[in-house]
Amino acid sequence: MRSYIARGLATVLLIVGLGAAQGPTSSGSKDTQIVISQQTGSEPGSSAKPQDNNSKKHGHTEVGTASWYGEDFDGRETASGETYDMYDMTAAHPSLPLGTWVKVTNLRNGRVVNVRINDRGPIVPGRIIDLSYGAAQALNFGERGLQRVRLDVVRPRQVAMLEPLAN
1 MRSYIARGLA TVLLIVGLGA AQGPTSSGSK DTQIVISQQT GSEPGSSAKP
51 QDNNSKKHGH TEVGTASWYG EDFDGRETAS GETYDMYDMT AAHPSLPLGT
101 WVKVTNLRNG RVVNVRINDR GPIVPGRIID LSYGAAQALN FGERGLQRVR
151 LDVVRPRQVA MLEPLAN
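Numbering (our numbering), first residue to last: 1 to 167.
Hints should not be assumed to be uniformly reliable.
If you anchor each label on the Cβ, the simulated ranges turn out as follows [claimed, not checked]:
1) Leu98 with Gly142: 26 to 32 Å
2) Glu143 with Gly99: 19 to 25 Å
3) Pro156 with Val124: 28 to 34 Å
4) Asn109 with Gly70: 18 to 24 Å
It is worth saying that the hints were derived from the structure and are not from the lab.
Where a beta carbon is used, it is the ideal one built from N, C-alpha and C, also for glycine.
Please work from the sequences and hints to get the whole structure.
Next comes the structure, spelled out in structure tokens:
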């Protein structure tokens, strides 16, 4: 009986310990800012305050450095369990829930693409997102491996409405 209790207690402690694991730490980059803004389109840094938790979830905005990953990872398993396809419109983000849709705007040229978060990363400090090769091409990264971008979390319904912007 005591062994069953000991096993049960060990299992509970393991589960609680995993649930309390520390999340991603700040990269220390001065070029990255995270701003929670209202879904009504208020600009980052404005004095508008989110009205509820739902607006925080869908109004998440980040500005910082993006990179991309391609051929070396093509065909490997992502954090979501799916196979990475470097031509899909997907990305790796350190903390947004897997399956989240993000509108990514290249701040150098204004190009926009919608990507789905299916992996974790980037692993390089100071970067806020790793885009698939296809997404980086759509944003016209060209020879540049890094670009300054803005990320806006969007609902799946908004993705369908925004698709013409990606052309």
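>> Run through the hints listed earlier and report the numbers of any the structure violates, in increasing order.
In response: The structure conflicts with hint 2 only, although it agrees with all the remaining ones.
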